[in-house]
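Undergrad: Here is how the chains run, residue by residue.
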Amino acid sequence: MSVAVQERRITEHPSIEVLPPRRSRVWSKLRRRPAALFGAVLVGVFVLLAVLAPILPIPDPAATSWTSIRLPPSSEHWLGTDQNGRDLLSRMIWGAQASLLAGVVSVMIAVLIGVPLGVFAGWFGGWTDATISRMTEALLAVPFLILAIAFAAFLGPSLTNAMIAIGLSATPIFIRLARGQTLAVKTEDYVESAHAAGVGQVAILWRYILPNIAPPIIVQATLTIATAIIAEASLSFLGLGQQPPAPSWGAMLNTAKNFMEQAPWMAMWPGLGIFLVVLGFNLFGDGLRDALDPREA
Amino acid sequence: MLPFIGRRLLIAIPTILMISVFVFLLQKLLPGDPVLALAGEDRNPETLATLRELYRLDDPLIVQYFHWMLNVLQGDLGMSLRTNQPVTSLIMEKLPVTFQLAVMALIFAVGIGVPMGILSAVKKGSWLDYIANFVALSGLSIPNFWLGILLILLVSVNLGWLPASGYRAFSVDPVRSIETMLMPAFVLGTALAATLMRHTRSAMLTVLKSDYVRTARAKGLRERAVILKHALRNALVPVVTVSALLFGELLAGAVLTEQIFTIPGFGKLVVDAVFNRDYAVVQGIVLVTSVGFIFMNLLADTAYKILNPRMRDS
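Order-wise, the sequence lines are chains A and B. With the numbering used here, the residue at position 203 of the first sequence is 203, and numbering never jumps. So the number in the numbering used here is just where the residue sits in the second sequence, counting from 1, plus 1000.
Just so you know, the hints here were simulated from the structure itself, not pulled from any lab data. Glycine is no exception: its CB is placed at the ideal position from the N, C-alpha and C atoms. Hints are not guaranteed to be accurate.
Reference excerpt, derived from the structure (chain A facing chain B, CB under 7 angstroms, subset only) [what the hints assert, rightly or not]:
id	residue
1	P73
2	S74
3	P143
4	P264
Hey, can you work out the whole structure from these sequences and the hints?
TA: Here is the structure:
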């Protein structure tokens, strides 16, 4: 029987309600949440600025000028200049690139390591589960930033190492989530049917488990990007992330705290940038979680 | 209750062992010869040989771990290369400062977060609820080191109300000590207040729908009494346990807050240790915070069992 005929028969039956495809259901729920849309727009604006940074008509973020040291915002320098006469708007836009890159890459590291480990733990159970779970509990016991600082301290200060440190610190969250979701999905009828039909374990994990555990992982990833951006800014603020003269919001704040009386605007913009991007990801993540929750109307 | 605590302590042992393995392996992440990194500036062959012997670096990894663990179990976390003091005494010296900051931050967090959560749940769907939710989300999104900088700019530089630095120990000068800690504690407390607000709101919303609240209202009790006497008492159970679990966040937040307000606590110790390449101190701090976090978890579970009558009998 063709799908079209099946659909027609179902819709002809008065007692059966045909739901639209999941993706469009999620989208229609998301559209009804202005806060989530506002979050998406905030993130979109910063992503666009970060991507277009090389072609935007802005000065070189590292170009110093001894004649324009610590200038307040003006028509020439919209956000003012720093202690080396560098244009703050340009450094903000290039700094967005570092922050967003750090947020996305570190979460990708966490997902790529955490999800397979969590799925294996949930699927195989026994010693695999016990070992992975104890390891996860141990790592979860170390406060996130302390763990990231420890990794960054031993790996050495750089943006790449900060991303690895944040990624490794966020990994246990995804192991635990993927394990729990796999445990819930593996007893579903369709997985047991696939098993009975002789589908291989790898194929079941790839075709049935992963797609069905993806939604909560996507939501968690969105919310973790927000945490990772703050963590990168914190590490850079402490001098363990992006190294000068490369621009980074956290490092800019670290410098700004030495010039608070002479140039308060230096501290204003990087903090506002971090706040808006993180707020954007949090609003969008919250909205996405509600939209993907089947209990929410 | 004692068998419960004993059982939980037994469960914690493998986790603590796993953490110790992880902390021990951290120094293996050091690029190149670990002795060179551990010695810092001092490249004297004698120092290098002493360090090699001290850390048993020529022994197999498992033997090295065993000796390290044996020392840890005796309270010996090694020596600080920078100050030449035992790491344990360094940590013990800084802990009270951070403890004071954490307690004051928790007072701010509970004082702001819980009333906001109650108000938001009672007035669900109103503009007050929306504002409270937005403030909470903003609290979670503001980097606390930026909030600290803004507060210094406003309260210390412009208004001159509070000092931006110059910490005094509580035992030496209590008034000055509280004065210097007010701003850092507020900064550290705001993010936690946001978390507490969300938990209180969600717990209150669940409790307000329950039968006993409906019964209390049907008896003709005033709404104020229903909320404060019946609903809040039960809604606070998960909130109390969450507060204990916020310990990790408090310590992590203290690292940045202490850096901004130059408070000589636990957080400043870890940052200084990182920059001085004082790896034994970094390892010691990771170990102590993790074990502390596990015990706070245990405390949270015990508090939950004591506060929740249904759990007490199970």
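Undergrad: It remains to establish, for every hint, whether it holds in the given structure.
TA: Comparing the hints with the structure gives:
Restraint check, P73(A) versus chain B: the minimum CB separation of about 16 angstroms is more than 7 angstroms; hint violated. Taking 7 angstroms as the C-beta cut-off, the interface hint given for S74(A) is violated, the closest approach to chain B being about 21 angstroms. Below 7 angstroms, beta-carbon pairs count as interface contacts, and P143(A) has one with chain B at about 4 angstroms; its hint therefore holds. Of the supplied interface hints, the one on P264(A) holds, with its beta-carbon coming within about 6 angstroms of a beta-carbon of chain B, less than 7 angstroms.
In the structure shown, a violation is registered for the earlier hints numbered 1, 2, in ascending order.
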